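Enquirer: If you want the building blocks of each chain, they are given just below.
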Amino acid sequence: MQIKVSLVEDNLPVATELEKWIAGTHGLTCVGAYSSAEEALRLMPQTPSDIALVDLRLPGMSGVELIRRLKISCPNTQCLVLTMYAETDLIFDALKAGACGYLLKRIKPAEIADAIRQVHAGGSVMTPRIARRVLAMLTSQPASKVSLTEDPRLTDREKDVLQCMADGKARKNIVDSLDINSHTLDYVIRCIYRKLHVQSAAAAVSMAVREGIVSPGKPSV
Amino acid sequence: MTSQIIFQVSALFMPRRRTIRLPAFWCLVGLLVFLTPAAFGVPIKLRAVEATVPAAEGHPLEEAVDGVLTADNGWSIRDGQFREQFAVFATDRPVSAKLYQLQFSFLDQTSPSYLGDFGISVTSDEKPTLQSRWVPLLPELALANNTNLVRITGRTVRPSSNQPGIVVTLRARAPFTGITGFRLRLHPLSDHEGRLPPSVGHGPDGNFLLTEFEVEAEPLHSSNIALGCQVYSSGRVPADLPKENLTDGLISTYSHPDPKLNAQSFYFTLDLGRIVALDHLVVRGRRDGGESNRLGAYKIAVLAGSEEAWRVTRWNAQMHLDGSHPFAGDADVIHQRDGVGTFSGRAIRIYNLPGQALQPQIAELEVYPALNPQTQDWLADDVNLKVSGKIAVPPGIHKLAFTITSHQLGIIPAQLIYRWRILGWSELWHETDLGGRVELVPPPPPGTFELQIQAQHTDGVWDESGQSITFHIARLWWRNPVVLVMVAGTSGILIAAVWWWIYGWQMKRRLALAEQHLELHRDRLRIARDMHDEMGARLTYIALLADRTLRETNPSAITPGNPLERLAENARSAVAALDNIVWAVNPQHDTVGSLADYLCDYAPSYLQAADIECTLDIHVDAPHHPLGLTVRHGLLMSVKEALQNVVKHAGATSVRLGFREEQGKVEVSIVDNGRGLAEKPASVIDHNGLDNMRRRLDELGGRCEIGPDDDGRGTCVRFTLPGNHHR
Numbered sequence: 090m091q092i093k094v095s096l097v098e099d100n101l102p103v104a105t106e107l108e109k110w111i112a113g114t115h116g117l118t119c120v121g122a123y124s125s126a127e128e129a130l131r132l133m134p135q136t137p138s139d140i141a142l143v144d145l146r147l148p149g150m151s152g153v154e155l156i157r158r159l160k161i162s163c164p165n166t167q168c169l170v171l172t173m174y175a176e177t178d179l180i181f182d183a184l185k186a187g188a189c190g191y192l193l194k195r196i197k198p199a200e201i202a203d204a205i206r207q208v209h210a211g212g213s214v215m216t217p218r219i220a221r222r223v224l225a226m227l228t229s230q231p232a233s234k235v236s237l238t239e240d241p242r243l244t245d246r247e248k249d250v251l252q253c254m255a256d257g258k259a260r261k262n263i264v265d266s267l268d269i270n271s272h273t274l275d276y277v278i279r280c281i282y283r284k285l286h287v288q289s290a291a292a293a294v295s296m297a298v299r300e301g302i303v304s305p306g307k308p309s310v
Numbered sequence: 011m012t013s014q015i016i017f018q019v020s021a022l023f024m025p026r027r028r029t030i031r032l033p034a035f036w037c038l039v040g041l042l043v044f045l046t047p048a049a050f051g052v053p054i055k056l057r058a059v060e061a062t063v064p065a066a067e068g069h070p071l072e073e074a075v076d077g078v079l080t081a082d083n084g085w086s087i088r089d090g091q092f093r094e095q096f097a098v099f100a101t102d103r104p105v106s107a108k109l110y111q112l113q114f115s116f117l118d119q120t121s122p123s124y125l126g127d128f129g130i131s132v133t134s135d136e137k138p139t140l141q142s143r144w145v146p147l148l149p150e151l152a153l154a155n156n157t158n159l160v161r162i163t164g165r166t167v168r169p170s171s172n173q174p175g176i177v178v179t180l181r182a183r184a185p186f187t188g189i190t191g192f193r194l195r196l197h198p199l200s201d202h203e204g205r206l207p208p209s210v211g212h213g214p215d216g217n218f219l220l221t222e223f224e225v226e227a228e229p230l231h232s233s234n235i236a237l238g239c240q241v242y243s244s245g246r247v248p249a250d251l252p253k254e255n256l257t258d259g260l261i262s263t264y265s266h267p268d269p270k271l272n273a274q275s276f277y278f279t280l281d282l283g284r285i286v287a288l289d290h291l292v293v294r295g296r297r298d299g300g301e302s303n304r305l306g307a308y309k310i311a312v313l314a315g316s317e318e319a320w321r322v323t324r325w326n327a328q329m330h331l332d333g334s335h336p337f338a339g340d341a342d343v344i345h346q347r348d349g350v351g352t353f354s355g356r357a358i359r360i361y362n363l364p365g366q367a368l369q370p371q372i373a374e375l376e377v378y379p380a381l382n383p384q385t386q387d388w389l390a391d392d393v394n395l396k397v398s399g400k401i402a403v404p405p406g407i408h409k410l411a412f413t414i415t416s417h418q419l420g421i422i423p424a425q426l427i428y429r430w431r432i433l434g435w436s437e438l439w440h441e442t443d444l445g446g447r448v449e450l451v452p453p454p455p456p457g458t459f460e461l462q463i464q465a466q467h468t469d470g471v472w473d474e475s476g477q478s479i480t481f482h483i484a485r486l487w488w489r490n491p492v493v494l495v496m497v498a499g500t501s502g503i504l505i506a507a508v509w510w511w512i513y514g515w516q517m518k519r520r521l522a523l524a525e526q527h528l529e530l531h532r533d534r535l536r537i538a539r540d541m542h543d544e545m546g547a548r549l550t551y552i553a554l555l556a557d558r559t560l561r562e563t564n565p566s567a568i569t570p571g572n573p574l575e576r577l578a579e580n581a582r583s584a585v586a587a588l589d590n591i592v593w594a595v596n597p598q599h600d601t602v603g604s605l606a607d608y609l610c611d612y613a614p615s616y617l618q619a620a621d622i623e624c625t626l627d628i629h630v631d632a633p634h635h636p637l638g639l640t641v642r643h644g645l646l647m648s649v650k651e652a653l654q655n656v657v658k659h660a661g662a663t664s665v666r667l668g669f670r671e672e673q674g675k676v677e678v679s680i681v682d683n684g685r686g687l688a689e690k691p692a693s694v695i696d697h698n699g700l701d702n703m704r705r706r707l708d709e710l711g712g713r714c715e716i717g718p719d720d721d722g723r724g725t726c727v728r729f730t731l732p733g734n735h736h737r
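Residue numbers (my numbering), protein chains in the order written: chain A, 90 to 310; chain B, 11 to 737.
Do not rely on the hints blindly, as some may be mistaken.
[What the hints assert, rightly or not] Below, a list of computed lysine-lysine pairs in the DSSO-like style, where the Cα atoms sit at most 27 Å apart:
id, chain 1, residue 1, chain 2, residue 2
1, A, 197, B, 658
2, A, 109, A, 197
3, A, 261, A, 160
4, A, 197, B, 55
[Stated by the list, open to error] For the chain B half of the interface with chain A, some residues (derived, Cβ under 10 Å), not all of them:
id, residue
5, 53
6, 512
7, 513
8, 516
9, 525
10, 586
11, 588
12, 592
13, 608
14, 611
15, 618
16, 628
Calculated directly from the structure, the hints in this document are not laboratory data.
Here the structure is a predicted model, which is why all the values come from computation and not from measurement.
In this text, a Cβ means the ideal position worked out from N, Cα and C, and glycines have one as well.
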C-alpha cells in the first residue's frame with residue numbers, strides 16, 4: 090500500500106526535488122504539492138493524503154495555522170513539520186497545533202522517507218529540546234482546565250519517556266532502559282503529542298510560549 | 011528763666027491783695043520783662059470779632075490784632091467815645107494757662123491816644139460774642155513803659171502817660187481754663203480840665219488809637235485744672251481764709267465756714283468753667299494737721315448746669331462715713347468708683363455732711379481730668395503711618411516710633427509723663443520722658459499687638475482713662491509661614507514636575523534608543539534570515555539535486571567517497587552552519603536558556619554521528635538570564651572545540667554534557683569516559699586547541715579547567731563564567 094504524501098512548500102526548486110524524491114521512493118506517492126497554505130486548505134480536502142509535509146515558513150497564512158486547520162478539515166491527515174532551521178519556538182507551536190513531529194529540510198531524503206514511514210506506522214519524532222519543552226509544559230500546567238475524555242496529565246511512563254528524551258538518550262537507549270519495545274515507545278510519544286495538542290488547544294497558549302526550560306535534574310546513569 | 015523769676019516773685023503777692031504797688035524794684039523787674047517780651051510764654055493769636063460801636067474810617071477793629079506796630083495803625087472808633095464800649099477778640103483755639111500777660115500798645119507819637127479806663131474779661135464759650143458769658147480778669151501786675159504810669163483798681167486799668175506812645179502790660183490769673191475770647195471794656199473817664207465830657211480815650215476828641223492788643227499765656231504746669239478756678243460757697247467764710255485758698259495751689263492755705271455760721275448744709279462749689287470728664291479728685295486737709303477732725307465726713311458731688319442753677323448732680327460720693335479723717339499732709343484721692351454716677355461735669359461741690367460747725371476744712375481741692383491719652387506721629391523707619399483703626403506697620407522695619415499725648419483741655423501734653431506696654435511682647439510698663447516719644451529699636455517681631463498707654467497726673471496718680479491701640483506688624487512676605495509653605499510647596503511641585511519631566515524625557519530617549527537598537531537587531535536578523543533563507547534553500551536544492559543525480563545515474567555507486575555524495579553532504583553542512591549563524595544573531599536567543607537549548611540539540615546529534623552516546627545534565631535557574639552575543643558565541647565555540655577533541659582524541663563511548671546556571675554564574679562541563687589526557691601521546695594532544703579554549707574563556711572573563719574526571723578516568727573539560735557577564 091502506498092503512503093499518500095502531500096507537500097506544502099513555497100520554494101519551487103526544493104518542492105520539485107522533494108516531489109521527485111517521494112515519487113521515486115518505494116512505498117510513497119505524492120498526491121499533491123501546494124505552494125501556499127490557502128491553496129492547500131482549498132485543495133487538500135479533495136485529494137486527501139496520509140501524511141502532509143508542511144513548511145512552517147509560508148507566504149500568507151503560516152504553517153502553524155495551516156496545521157491547526159488541517160487538523161479540523163482533514164483529521165485523518167498527519168502533519169509533519171518541515172523546517173530549514175531548528176527554530177524551537179515555532180516547532181513547538183506547530184506541535185501544539187497538532188503536528189506529529191518535525192523534520193529538518195537538510196536531512197537526507199532517505200531519512201525523510203524513513204520518518205514518513207515511521208509516522209505513518211504510528212511512530213513519532215522528537216528531539217531532546219522538544220522533549221524538555223513538552224515535559225515542562227505538561228507537568229506544570231494545572232489539569233483542571235480541560236475536561237475531555239482524555240486525562241491531559243502525563244502518566245508515569247510518559248514522564249519517563251519524556252525525561253529520557255530530554256536527557257538526550259537515543260531511541261535505542263530509551264527502549265533498553267525503560268524496557269519497552271519500539272512500538273510502545275512510538276505510541277507513548279504519540280500520546281504525549283496528543284495530550285500536548287489537547288492541552289494547547291483548550292488552554293491559553295501564551296503560558297506555554299514563555300515556558301522556559303525547567304531542569305528535570307535527573308542525571309542519567 | 012526770666013519768667014520763672016517773675017513767677018516766683020509774683021507768688022509773693024497772692025490774689026488776696028488787689029492793688030499792687032509800684033516800687034523801684036518792680037520797675038527793674040518790669041524792665042527785664044520789657045527787654046524780653048517773648049520770654050513770658052506762648053503768644054496767642056487773636057482775631058477781631060465785633061465791637062459795640064463802628065470803627066473809625068481806616069482803623070478797623072482788625073488793626074488792633076494785625077501785628078503791625080506803626081504809629082498810624084490800630085483801632086479807633088467813630089462817635090462813641092463818650093459812652094461805655096465793648097470789643098470782642100477771639101483766640102484761634104481754646105487756651106489754658108495759669109497766667110496771662112496782656113499788652114496794650116498805643117504808639118501814636120503825635121498826640122496822646124491811649125485809653126483812659128478799661129478792663130478785660132474772658133470767656134470760654136465756643137464762639138465768643140458780645141453776648142457770651144464774660145468773667146473779668148483781675149490783673150495782679152501792671153507795668154508801663156519808660157516813665158509812664160499805670161494804675162489798676164480791681165478790674166479797671168488806668169494808664170497815665172508823660173510821653174506819647176505808651177505800652178501797658180498786665181499780668182492776670184485765669185479764672186478758668188479753655189479761654190476762647192477776650193473782651194475789652196472801655197469806660198468813659200472824665201479829664202481834669204473838663205473841656206470834654208467823660209470819654210474813653212485821652213485823644214484830643216476823647217478818642218483813642220489802640221495800635222496793638224497782644225496776649226501771651228504762661229502754660230499750666232500742673233494737670234490740676236482746678237488751679238485758679240472760681241470757688242463759691244453757700245455761706246460766709248472768715249475774711250482771712252478766702253475761698254480761693256482752695257484753688258491757689260498752696261496746701262498751706264485753707265478755708266472753712268465762718269464759725270458764727272450755722273454750718274449745716276454748708277458747701278463749697280468750684281466752677282471749672284466747662285464740662286470736663288474727670289479722672290480723680292483730691293481733697294487735701296490742713297498741712298499742719300491742725301483741727302484735722304474738721305475734715306471728717308463730707309459729701310462731694312459733680313454737678314452740671316450753670317452758676318445760676320446747678321440743677322443736675324451727675325455724681326456724688328460720701329467720704330469718711332466711718333468717722334475717720336485725713337491726718338497731716340494726707341489727702342483723699344477720689345475716683346469714680348468711690349461714688350455713683352457719671353464722673354463728668356462742670357462744678358465740684360463739697361458739702362458739710364455731719365452738719366457740725368467749721369466743717370469742711372479744706373486746704374486744697376484738686377481736679378484732675380481724664381487725660382484720654384492717645385498716640386500720634388507713628389513712624390516706621392521715618393515713614394509716617396496712617397492711624398485709622400488698626401495700625402498696619404509695614405514689614406522689615408528697624409525702628410517703630412510714636413508719641414503719646416493728651417489732648418485734654420488745660421493740659422500741656424508735653425508736661426506729662428506717660429507709660430506704655432505692648433501686650434504680647436513685654437508685659438512690663440515702660441515710662442516715657444517728658445514729651446512722650448517712644449522709639450522701639452528693634453521693633454517687635456511680626457504679629458498683632460495691643461499697645462496700652464497711660465498718662466500720669468502731676469500729682470503722681472496714673473490716669474485711669476488709659477487707652478489701648480492695636481497695631482499689626484506685617485511679616486516680610488518671604489518670612490510669612492503661609493507664603494513660605496506655599497512657595498516651598500510650589501517649588502517642590504515644580505521641582506518634582508521638572509524632575510519627572512526630565513526623567514520621562516530620559517526614559518523616552520532611552521526607550522527610543524533601545525527601540526532603535528532593537529530595530530537594528532531586527533533588521534539585521536531579518537536581513538540575515540532572508541539571506542540565509544535564500545542561501546539555505548539553494549544549498550538544500552543543491553543537496554537534493556546531487557542526491558537525485560546520484561540515484562538516477564548510478565544507484566550502485568552510492569558510496570561515501572563519491573564526489574556527488576560529498577557535494578550533498580557539504581551542502582547540507584553549509585545549511586547547518588547557516589542555521590548556527592541565524593541562531594547566533596537572533597537577539598531572542600541572548601539568554602542562558604537558549605544556549606542550553608542549543609547545546610542540548612547540537613551535542614547529542616554531533617556525538618551520535620560519531621557513535622558516541624550523549625547524556626544531558628541541565629540545571630538552569632533563570633533561563634531568561636541575559637547572555638550577550640559575544641559570550642554566547644564564545645561558549646558555543648569552546649564547547650564545539652571540546653566536543654571535537656573528544657571525537658578526535660578521547661576514544662570515548664559516552665559523553666555527559668552538563669550545563670548549570672545559578673544566580674548568573676554559568677558552568678558547562680564535558681565529561682568523557684575515554685583515555686584521559688595523561689594517556690594520550692604528547693604529540694596527539696592539540697596544545698593549540700587547549701590553549702585556544704583557555705584563551706577564549708579568559709577573554710570572556712571566565713575560566714577553563716581541563717583535567718581528569720572525578721573518578722580518575724577520562725577527561726573533564728569545565729568552562730566557568732562568573733555572574734557579571736553582559737557582553
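Enquirer: All the hints need checking, so say for each whether the structure fits it.
Expert: Hints and how they fare:
{"no.": "1", "hint": "A:197 with B:658", "verdict": "holds (25 Å)"}
{"no.": "2", "hint": "A:109 with A:197", "verdict": "holds (14 Å)"}
{"no.": "3", "hint": "A:261 with A:160", "verdict": "violated (31 Å)"}
{"no.": "4", "hint": "A:197 with B:55", "verdict": "violated (139 Å)"}
{"no.": "5", "hint": "53", "verdict": "violated (111 Å)"}
{"no.": "6", "hint": "512", "verdict": "violated (34 Å)"}
{"no.": "7", "hint": "513", "verdict": "violated (30 Å)"}
{"no.": "8", "hint": "516", "verdict": "violated (29 Å)"}
{"no.": "9", "hint": "525", "verdict": "violated (22 Å)"}
{"no.": "10", "hint": "586", "verdict": "holds (6 Å)"}
{"no.": "11", "hint": "588", "verdict": "holds (8 Å)"}
{"no.": "12", "hint": "592", "verdict": "holds (6 Å)"}
{"no.": "13", "hint": "608", "verdict": "holds (8 Å)"}
{"no.": "14", "hint": "611", "verdict": "holds (5 Å)"}
{"no.": "15", "hint": "618", "verdict": "holds (6 Å)"}
{"no.": "16", "hint": "628", "verdict": "holds (5 Å)"}
Violated hints, listed in ascending order, are 3, 4, 5, 6, 7, 8 and 9; each of the other numbered hints is respected by the structure.
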